[in-house]
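Trainee: Starting from the structure of chain A, add chains B and C where the hints point.
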Amino acid sequence: MAFYEQHIHPKPTTFLSKYIFSYDHKVIGKQFLWYGILFLLVGGLMALMIRWTLAYPGQAFPIIGHFLFPETGGAVPPDTYAMLFTMHGTIMIFYAITPILIGAFGNFCIPLMLGARDMAFPLLNMLSFHLAALSGLILMASLFTPLGAAAGGWTSYPTLSTLIGSPGVGQTLWSLAIFVLGVSSTMGAVNYITTIITLRAPGMGYFDMPLTIWGLGLTAVLNAIFLPVLGAGVLLLIFDRVFGTTFFLAGAAATTGTGDPVLFQHVFWIFGHPEVYILILPAWGIVSDQLSFFARKPAFGAKATALSMTSITVLSTLVYGHHMFTTQMSPLLTQTFMTLTMTISIPSAIFFANWLGTIWKGSIRFHSPMLFSLGVVFVFGLGGLTGLYLGTVTTDLYLHDTYFVVGHFHYTMAASVLLGGFAATYFWMPKMFGTIMNEFWAKVHFWITMMGLNGVFFGMMLVGYGGMHRRIYNPFIYEFTQKLIPINTFTTWAAIVMGLAQIIFVINFVHAVFFKKEQASDNPWEVGTLEWTIPSPAPHYNFKDIPVVKCGPHEFGNPNLSGGKDYQYQTEELA
Amino acid sequence: MANKLTFMEMISPPEDISENGHLIDYLFNYTTTLNIFFFVLVCIGLFGFSFLYHRKRHPKAYYTYGNKRVHILVATVIGIAVFIGIDLNITRLSNNDYIGIFINWPDETKEDVVKVQVLGQQWAWNFRQAGVDGVFNTEDDLVTLNDLRVPAGKKVVFQILSKDVIHSLYFPNARRKTDAIPGRITRMWIQFNKPGNYDIACAEMCGTYHYRMKASLTVYEQENYDHWLAEAQQIHDAVNDPEDAGIYWGWKWAPNGKVNKVGMTK
Amino acid sequence: MSGTMVNQELKQDPAKARLSSSIAMIMALISFSMLFATLMLGYFAFRFTSEVWPPLGMERISLGIPTASTVVILLSSLLYLCFESKVSQKSLKSGRFYFTATFVLGCTFMIIQTLLWSKLKELGIFTGTSVFASMLYAFTWIHAAHVAGGIIALLFLIPTVSGTREHEASLSWVQNVGQYWHFLGIVWVIMYFSLFVF
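Residue numbers (the numbering used here), protein chains in the order written: chain A, 1 to 575; chain B, 1 to 266; chain C, 1 to 198.
Only chain A is shown next, with the shape it has when bound in the complex:
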């Protein structure tokens, strides 16, 4: 299958070539990991500031409030609040999840699991990271402009995001940062797809690839096709803001010609809906693999899971209109989008059944990666089902732009992806850095995070059901939201607990990376995929000899296994 064999390059020696301008996919993956974790913390802090304002409007934000907002006595002012939720969404989606799941684990895992020495295009890979870094700089720089950062929501609908609604340069910088990041991710996507097609080890058919690769590969396909759509959209927005074009201007904004603000929504969501699947597909793949690994039996219906993920990938391109039900598209279009949205239930339910089938009659080890994977099954089950209310037109007319939506997408995007990301980190730590993270604190981290997550996001769905709408600085000036104050306060405290629990993870992580003496064995999880056939941490050339694959990635409990092992390496041939 591999089209050619990549050379073994000499080991880099200088600091710059080892850590800054590295061509090694493993290093680039780690660069993305640090980058993503940093932005996760920034985005998380912003979330806490939002939650504080929602529970205690007008009160100073603890510890750093007086330093950040002296004019208002430490409380978050309304215009800053708008910047906070805008930047929180932007950062979490593009600068935390994308770098961690796709940039870090995509880069790290794909060549290793395929039996390749590196990505197909290492230079492109390095450029992809540096462009992402540049994008992050542009975005954070926008916070320090005179009128502040973008404040129109991460969806930046015109005409609020045009000059009339957002006069400052912050919105332009935001658009530029997104564009640059889009280029970076598209480069990465092309790299991943080419690598998966051309560098699979001999003997590895597509269905012999781990499901993690399926998830990452499908994500890359969606990225490559739909990021340019977003790119076009933000580019036209930049043109409206900087060069006087009129694409999205209407009403008071249209001083010369007029365009159509709703066109932006169409373009944005044509990208936006596949984007949410882009964010979740890697986690689905990782969970599908890990449930099998830790239940010590083959992934139930692995081929069906792979095909379900593929059909969801295809279907996700057809459903974007369900984000726009309140804009009054034609009834035919509205109904079509609703019906198509519903069809996604079928493949989702199938791979859910397969997940449960995998742990059915298994012999389950509850190591921390497995706990997190099981957590994903729970939160995604809940989150996915709440999507049904939003895909249905009439219930959406009530729930659109309320906290119900916020709860739904946090369950499916934040909770599921975060738990999946943690599962991945705990799992691949030995191969990445050569140590295992402390198992006791990992479990503590899991339980507190799980409870916190459910508290926060279920709380959001409750207040959303109560009618509380989104993106509001002080919800309690309305009569109908008065009774929701206690739930909001509860949600805030659950968020604070959840936020604090992440400190446990950070300490565990930093300790394992820099300070832990005890080295991990080559294959601590006793799993057969190709990355565990090489030493921990992986040597810079990955594979001394390109492996030849003899079986699938989930060979556990095969009766023909000998030697006391209950798993088979993908390179092993059984009698």
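Since the hints were made in silico from the structure, they are not lab data. Just so you know, even glycine gets a beta-carbon here, dropped at the ideal spot from N, CA and C. You can take every hint at face value.
If you want the footprint, here are the derived chain A segments under chain B, 3+ residues with CB under 8 Å:
#, region
1, 254-260
2, 299-309
3, 328-342
4, 364-378
5, 470-478
6, 484-494
Simulated crosslink set (DSS-like; lysine-lysine; CA at most 25 Å straight-line):
#, chain 1, residue 1, chain 2, residue 2
7, B, Lys258, B, Lys115
8, A, Lys30, A, Lys544
9, A, Lys550, C, Lys16
10, C, Lys86, C, Lys16
11, A, Lys517, A, Lys11
12, A, Lys303, B, Lys68
13, A, Lys303, B, Lys60
14, A, Lys361, B, Lys68
Mentor: Frame of chain A; chains B and C shown alone:
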């Protein structure tokens, strides 16, 4: 502060005072029931299997790829059951409600409807009713700021526009919202049944003060409404200058749910 | 640890390596297509929901300059094809002529585009004149930016024409840059007919 509410009261949606809001509440509860059913099944699997098949309790895993006919059948049946059981059902119900009621515009020649034009702006809601001559955008129109008053028991048809950015006219107590878009008129009809005073909010991010784009909905008994209308007209005429071009933000009313493309000059 | 074998077949076959970069280029072209397709979507949305076109009584630009652009870019693609065949035949000397011609025509295209933009301004058509004007400018700017990228890509073929690059690698480079170049020509033709002719 309000008196202590039970948890169920705290999490229930605002009082539904509209004729058709209950359809949405019904569908929500219907979906919830089905969701709970399937989610409980998932949890039984998740927690049950985690318990039963713990390594200590079940040391040898059952070696199967899940690709035997029975396995495929079970997984497919589950997938189809979810789709038919939940999805198709709620789609059918929703479609019926949407086409049959929510976008089924009253025939203005046959029914007595109240017509209201709404202009959203940063950060307030302007409401316009036609006045005695029945024509919009004339001197005798009744224009109010953040103050919508309607009679109970009659269908109210809204034509909605925004002056600047996208807003969304949101009636929590009627379970409805419709975006107010610059350059394009959207529409909505609601029948309010219970007199009283309720909130109107903006449900689309529209700037710094989006959170306080609050208007008040007052539903009157018919006689009280007529009384208010007459009074309000007098006050309006006394307060507003008919020469002020700014108050003529209205447009020609397009009947029976059609809208003219006012403002789309491209 | 398991036993691994070195696969003898893997080591050779540069044709396969070339195919690998071709796959990448095709993916990249799909991405670029989506960018232009989105612009087209916007254009058609505006055009077919507008009662009168061009809007606001804007006059249409005469076909002289756009047609010149079309001729130039199509000719450059043709000459590039000749270049490609010369390279595969290993006759670099004649290849050099075709390469230079392509390069010159590429630059000519850019110059003609600047003429197009000045002509528009002369006619009083600026970005804000109407959404059609916005579309014309935006679309041609974005296309021109990609052509500029293509011209830079042509510079990467200098090692091929000067003979310092290995033949197999050259074939790969020439093929990939060619695919990108022809792609831009196709996009321009679609733009020509959609924006200028009809």
